[in-house]
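A.B. asks: Just so you know, the protein sequences line up as chains A and B, in that order. The opening residue of the first sequence carries number 5 in our numbering; numbering runs sequentially from there. The opening residue of the second sequence carries number 4 in our numbering; numbering runs sequentially from there.
These are computed hints drawn from the structure, not numbers from a lab. Among the hints, a few may not be true.
Mimicking DSS-like on lysine-lysine, the simulated pairs with C-alpha atoms at most 25 Å apart in a straight line are [said to hold, decoys possible]:
1) B/8 - A/61
2) B/74 - B/8
3) B/61 - B/71
4) B/108 - B/61
5) B/97 - A/17
6) B/108 - A/61
7) B/45 - B/8
Here are some, though not all, of the chain A residues that point toward chain B, as calculated from beta-carbon distances under 10 Å [to be verified]:
8) 52
9) 56
10) 60
11) 95
12) 96
13) 108
These numbers were taken from a predicted model, which means no experiment stands behind them. Glycine included, C-beta positions come from ideal geometry on N, C-alpha and C.
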Amino acid sequence: KAGVTQTPRYLIKTRGQQVTLSCSPISGHRSVSWYQQTPGQGLQFLFEYFSETQRNKGNFPGRFSGRQFSNSRSEMNVSTLELGDSALYLCASSLVAGEGNEQYFGPGTRLTVT
Amino acid sequence: QQQVKQSPQSLIVQKGGISIINCAYENTAFDYFPWYQQFPGKGPALLIAIRPDVSEKKEGRFTISFNKSAKQFSLHIMDSQPGDSATYFCAASKGYQLIWGAGTKLIIKP
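Starting from the given sequences, assemble the full structure and let the hints guide the process.
C.D. replies: Below, the structure is given as structure tokens:
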């Protein structure tokens with residue numbers, strides 16, 4: 005079974021631009037969560053989607069948004085990029101939301117904002 | 004209440020030794036405690052997980068010890084190998100959201 009895939013793997017953007025990251029979960033998994041990883045703040049939860057609905061949201065500004073499609077694929081969008089948004093963005097999928105939370109991570113998208 | 008405190012920040016262990024990483028939590032509602040292993044340039048990989056109704060879980064060389072009354076849990080890596088060198092994260096959750104420890108960078112010296 006293929007793992008979680010994320011595209012693109014690397015991205016360089018300038019301040020003020022917007023970016024869209026994509027995540028394809030493991031086949032059969034219906035829950036997708038997004039995390040931001042930085043050296044200073046560690047892993048921080050962004051949001052979680054299940055059956056195309058956002059179920060939970062972390063403490064991030066409204067510039068961070070996401071969605072999930074009927075095939076469980078998910079996208080996250082960051083508008084008006086700031087230097088502090090430079091991070092590794094990780095997507096994790098699980099079979100069912102809230103059920104033991106066995107989450108499987110993709111390799112991440114490394115976003116650099118200049 | 005939502006924090007998970009992980010220690011040590013970094014750890015150097017000789018090959019064949021036992022690596023021990025500790026985590027403490029405050030929220031007694033947490034009911035799932037996983038450990039993840041992350042290599043540079045990769046996403047975290049689920050290593051082993053435990054629920055509060057058991058005090059220990061072993062998978063190969065990896066063991067989680069769980070102390071519900073002390074609100075602490077730890078990862079033991081037996082017979083540590085250079086290939087175990089990575090960053091390890093503990094986490095805790097109730098439902099959807101994983102609350103993460105800060106991570107421990109483990110180096111196994113040959």
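A.B. asks: Between the alpha carbons of residue 97 of chain B and residue 17 of chain A, is the straight-line distance 25 Å or under?
C.D. replies: Violated. Residue 97 of chain B to residue 17 of chain A sits at ~35 Å, over the 25 Å cutoff.
A.B. asks: For residue 108 of chain B and residue 61 of chain A, compute the direct alpha-carbon distance and say whether it is at most 25 Å.
C.D. replies: violated (28 Å)
A.B. asks: Should the hint that residue 108 of chain A touches chain B count as held when the rule is a Cβ pair under 10 Å?
C.D. replies: Where the cut-off is 10 Å and the nearest Cβ of chain B is about 6 Å from residue 108 of chain A, the hint holds.
A.B. asks: Hold the hint about residue 60 of chain A up to the distance rule: shortest CB distance to chain B must be less than 10 Å.
C.D. replies: holds (4 Å)
A.B. asks: Per the CB criterion, is residue 56 of chain A less than 10 Å away from chain B?
C.D. replies: violated (15 Å)
A.B. asks: Does residue 8 of chain B lie within 25 Å of residue 74 of chain B when you go C-alpha to C-alpha?
C.D. replies: holds (11 Å)
A.B. asks: Against chain B, is residue 52 of chain A within 10 Å by beta-carbon distance?
C.D. replies: holds (5 Å)
A.B. asks: How about residue 96 of chain A: closest beta carbon in chain B under 10 Å, or not?
C.D. replies: It holds, given that the least Cβ distance between residue 96 of chain A and chain B is near 8 Å, below 10 Å.
A.B. asks: Holds or violated: are the alpha carbons of residue 45 of chain B and residue 8 of chain B at most 25 Å from each other?
C.D. replies: Distance of about 23 Å is within 25 Å: holds.
A.B. asks: Hint validation: residue 95 of chain A versus chain B, beta carbon distance must be below 10 Å. Holds or violated?
C.D. replies: holds (8 Å)
A.B. asks: Check the hint pairing residue 61 of chain B with residue 71 of chain B against an upper bound of 25 Å on the C-alpha distance.
C.D. replies: At roughly 17 Å apart (the allowed maximum being 25 Å), residue 71 of chain B and residue 61 of chain B satisfy the hint.
A.B. asks: Keeping to a limit of 25 Å between CA atoms, is the pair of residue 108 of chain B and residue 61 of chain B held or broken?
C.D. replies: holds (21 Å)
Hints 5, 6, 9 from the earlier list are contradicted by this structure; the remaining hints agree with it.
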